[in-house]
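Asker: Turn these sequences into a full structure, and let the hints steer you where they fit.
Top line first, the protein sequences correspond to chains A and B.
Those letters in the first sequence? Residues 759 to 1646, per the working numbering, in order.
Those letters in the second sequence? Residues 2 to 115, per the working numbering, in order.
No wet-lab data here; the hints were simulated from the structure.
This one's a predicted model, so the numbers in the text were calculated from it and none came from an experiment.
Please note: incorrect hints may appear among the correct ones.
Interface residues of chain B toward chain A, partial, derived using beta-carbon atoms under 7 Å [what the hints assert, rightly or not]: (1) G29; (2) Y30; (3) H56; (4) R57; (5) S77; (6) K78; (7) A95; (8) W97.
Partner residues are not named here, just some residues of chain A that face chain B (Cβ under 10 Å, in silico) [claimed, not checked]: (9) E775; (10) D784; (11) V794; (12) Q816; (13) V817; (14) V824; (15) R825; (16) D847; (17) F850; (18) T851; (19) S1166; (20) D1497.
Just the calculated beta-carbon pair ranges, DEER-fashion [to be verified]: (21) A26/B - V1170/A: 51 to 61 Å; (22) Q1150/A - K109/B: 18 to 28 Å; (23) L774/A - G24/B: 23 to 33 Å; (24) A26/B - Q1150/A: 32 to 42 Å; (25) L106/B - R825/A: 39 to 49 Å; (26) A26/B - L774/A: 12 to 22 Å; (27) E93/B - P1244/A: 49 to 59 Å; (28) L106/B - A796/A: 38 to 48 Å; (29) G24/B - T1149/A: 28 to 38 Å.
The beta-carbon is built from N, C-alpha and C at its ideal position, and this holds for glycine as well.
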Amino acid sequence: MTLWTLSRRVLRRRALERELDAELRDHIERELADGVRAGQAEADVRRQIRLTSGGLDQVKEACRDVRRPPALGDLGADLRFAWRVLAKDRWFTAGAILTLALAMAVANTTFISTYADLWRDFPFERPDRIAIMRTVDARGREAGLSFADYQDWHRDARVFDGSSAAFAIGTISLGRDGAAPEQFEGLYVSADMFSVLRVKPMLGRDFSAADDRPGAEPVAIISSNIWKSRYAASRDVLGRKVTVNAATPATIIGVMPDGIRFIDFTDVWMPLAQMPGLAAQRRDTRPLMMIGRLPDDADLDRVRAELTPIAANLAVAHPDTNRDVRPLVNTLLEAYNGGGEMKLTNSTFYMPLLAAAFVLLIAAANLANLLLARAAYRSREIAIRLAIGATQWRIVRGLLLESLLLASVAWVLAVGFSWLVLTISASHAAPQLPYWRIKMDVRLLGTLAAIALVTTGLFGLAPALYASSRATADGLKEGGRLSTPPKVRRWTHALLVGQFAITLALLNGAGLAARQFFSFYALDRNVQTSDAVTTLIRLPAQTYATRDQRVAFHEQLKTRLLSVPGVTASTVASAAPFSPAGRRQLTSVDGRPTTEPPPDVMTVLVEPAYFHTVVRGLVLGESFSELHGAPGHEAAIVNQRFAEVYLGAGNPIGRRLEIRPPTGQRTYLREADGPAPPVSVPIVGVAPDIRQVRDAVPTVYLPFRAEAPAAISLIVRGSGGLGPVVPAVRDAVNAIDPDLALGVVRTLDELRDRSRAGPADMASRYATIGGLALVFSGVGLYSAMAYAVRRRTQEIAVRMALGAQATQVRWLFLKTGAWVISAGVVLGVPAALVVGRLLQNTFVRTEARDLVTFIVTVAVLVTVALVASLVPARRATRIEPTTALRIE
Amino acid sequence: MVPDKSDLPQGTLDLLILHVVAGGAIHGYGIAQRLQLISRDVVQVPQGSLYPALHRLENRGLLTAEWKMSDTGRESKFYRLTPKGRKQLKEEAASWLRLTEAVGLILKTAGGSR
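Answerer: Given below as structure tokens:
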């Protein structure tokens, strides 16, 4: 409808109104004239006309209904009316909108960030058509595939659109190119990989088949990231000579466009043929993954059908290594978005969603209660409107429009809120996940809007129906004084009880999150984080082939570092605190075998000084000696958690463990472990619990010297500021070996804060949700009580005039509050237990029935409820009987 | 007793109005009077049914209306059939007669309840 026809319709409507009025008046006057002519008294005729016509206004309304397009007729008028009502009742409106907006903002923020976590998108053409192929063994363990297996799969698989390709993850360092040597996330790829992904370098060329042959001249493609940071975005980077991994001279041949960092944070790509140890790789070493593009008419099942017989043939040909090894086929999107723990079925993801949804429900219940109270308050207005010809449907529609109008305004505010929150939080935290980006796309926002509006609509419907159905006669009769029928009171109370029960469960969840976070704080005090920096060093296998060579390097480095002024200590370990460490299998304790399959325990190789320069001392026993780790001098130190889980009561010192590296199967992510450790090792000490990845887990420390792995963490302590220490570390390393690259140098404080960022985020999420739920429930109870006090002013005045005591009057209202809160707690306890149970997966160590958290939660909730009902109850006692009765 | 709208079968009022209006331009009150007269007081149409029906028929283009000076000295709204209305009347009247004839036939036959 154009503006022109719209305005014409408005003008025409006025004329039609006038005509309608004239026509009906004409009818009545004719009827009147006829009656009088027939000899009746004029008053009698008028009475009869009134009786038969059924009321002039109803007739008019019925005629108007004929003209209007059905249902939409006076939507505009109703909307204007709803707006005026809301604008008049400013406090109610502001409160309702704010409550809804906050709840919707929480829901939006949670949904949008979870969506971004779980449904990431790739910057490639049709990522859903790229199949990624790995293997899975009889025990369901997932791994990649070996180079030999890949060659067979690649040769025999015909299904793909174009060739298939393979890649393997590895760290690649660059040096001797004019800047200090540096380590990067690297990927060794077969020549066709980028053509499978359908991406091309923005500068230079892609790998050719000739680049990916044994003995070919080494070449590398770099990301636009390091092109800018390391090579100042210079065009003559093509053809630049670099030394790769401190040993291999190579040439840069291409630069990838922005955003292309396949597989996730990769900065350097090299041909698969350049991967160290590729030619000698056994079939049971499986670091590769294969990808291929599906043609339009094929799906993953065709790939599976084709690969299964190939794998079966290999199992027959190589039973030692390939028995029961089956292909595992997914699309790239699935592998990323549903892989590992990144699933909606993981409570880390669905619990915040549920919690946010419940906050929305609480807010909607609050709105329903407010509307119910207002419906009773407005019964007079509604009765009048019904009396002058409004249909019930019309009234319900008007009331519904009011709640939808509230919800829509709140929704717009909420989108603004969540946008602000998400933008701020996204700009603060570096992405922990590849391809993570906040998407506020229309579909997502539309769905969320629908959820929010439907929720509000449903909660607004009951009060609207109630208000329109009962208002007719009573509303007018009682002269606007309102009594709330017991049915409404029951509804209000039921909603309040529900709110408090849910709030209890949510608050308990928030308490558990907070407790976990504080337990991390406590654990982190076991590490001396201040004045320490750490970095990763990888000794290339070509130049540091033996354990003795690596030990010699570390000794030399330590001597150099300790001679630097300001450096007080230097030590190496297989993993610094707050960073991922290796795992091994614990096969027996005190000669008794553990379960089958043996449990994994975290293993960290450390020098004797580790326990007084990095960790704050040992709980029991002594640290390793310089001799430990040499053949015949085996020793292990376990942490407290290990002692609790595997050693039970009794002195751990002197007891013996057997551990071994994980067997042949290795996932692509896992580093190759060193040689197998001694069969049986005695425990010489117990270390305090510290965190490596998330929470403290059972950990075994072994003497560094026993293996001296190639990839290690260097931890250097300084005094009086770390400023000079960082360059000193770099200088010392490169003075020994100029080609050696350091990883990023970080302080231990920084590592600790990074590892806490996730739990802190989670705790603040739950705290926000629990806090909002608490506030909403408190406000809900408060407004219900305040309304009841206002409604019963007269009754209270009579009671007090008749001699009721203030305490009796107060109790009149406190009773309701007490009833609501006790029923809420009774229902909330099982809900809280369920929530606690579901959260156990998220918060590793929290008990579902953490009594302290629980008692604190209930206490907080009861206090809030008491305050919310006490304030209105006190107000009731201050009513002056004389004034209150005079109001009437 | 005042027979109300529900005493007329669905759609009958429209047919009756069309038939009355077919006799020449007439105002709402006149239609009501004419119906009551012809039916010997059986059909009494209250305003609440008559005017919505008139407006509906006008809306559907079966009737047109114009304001004309009348015997009372005021302007009244006179309704007239449109060609479309005339066609509709013919069809509906025919089908109504067919139907009542059929119903009469059925009711006259023996059997059923008495």
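Asker: A separate judgement is required for each hint: does it hold in the structure or not?
Answerer: Against the structure, the hints come out as follows:
no.	hint	in the structure
1	G29	holds (5 Å)
2	Y30	holds (4 Å)
3	H56	holds (4 Å)
4	R57	holds (5 Å)
5	S77	holds (5 Å)
6	K78	holds (5 Å)
7	A95	violated (26 Å)
8	W97	violated (23 Å)
9	E775	violated (13 Å)
10	D784	holds (5 Å)
11	V794	violated (13 Å)
12	Q816	holds (6 Å)
13	V817	holds (5 Å)
14	V824	holds (4 Å)
15	R825	holds (6 Å)
16	D847	violated (35 Å)
17	F850	violated (38 Å)
18	T851	violated (37 Å)
19	S1166	violated (33 Å)
20	D1497	violated (91 Å)
21	A26/B - V1170/A: 51 to 61 Å	holds (55 Å)
22	Q1150/A - K109/B: 18 to 28 Å	violated (45 Å)
23	L774/A - G24/B: 23 to 33 Å	holds (27 Å)
24	A26/B - Q1150/A: 32 to 42 Å	holds (39 Å)
25	L106/B - R825/A: 39 to 49 Å	holds (41 Å)
26	A26/B - L774/A: 12 to 22 Å	holds (20 Å)
27	E93/B - P1244/A: 49 to 59 Å	holds (54 Å)
28	L106/B - A796/A: 38 to 48 Å	holds (42 Å)
29	G24/B - T1149/A: 28 to 38 Å	holds (35 Å)
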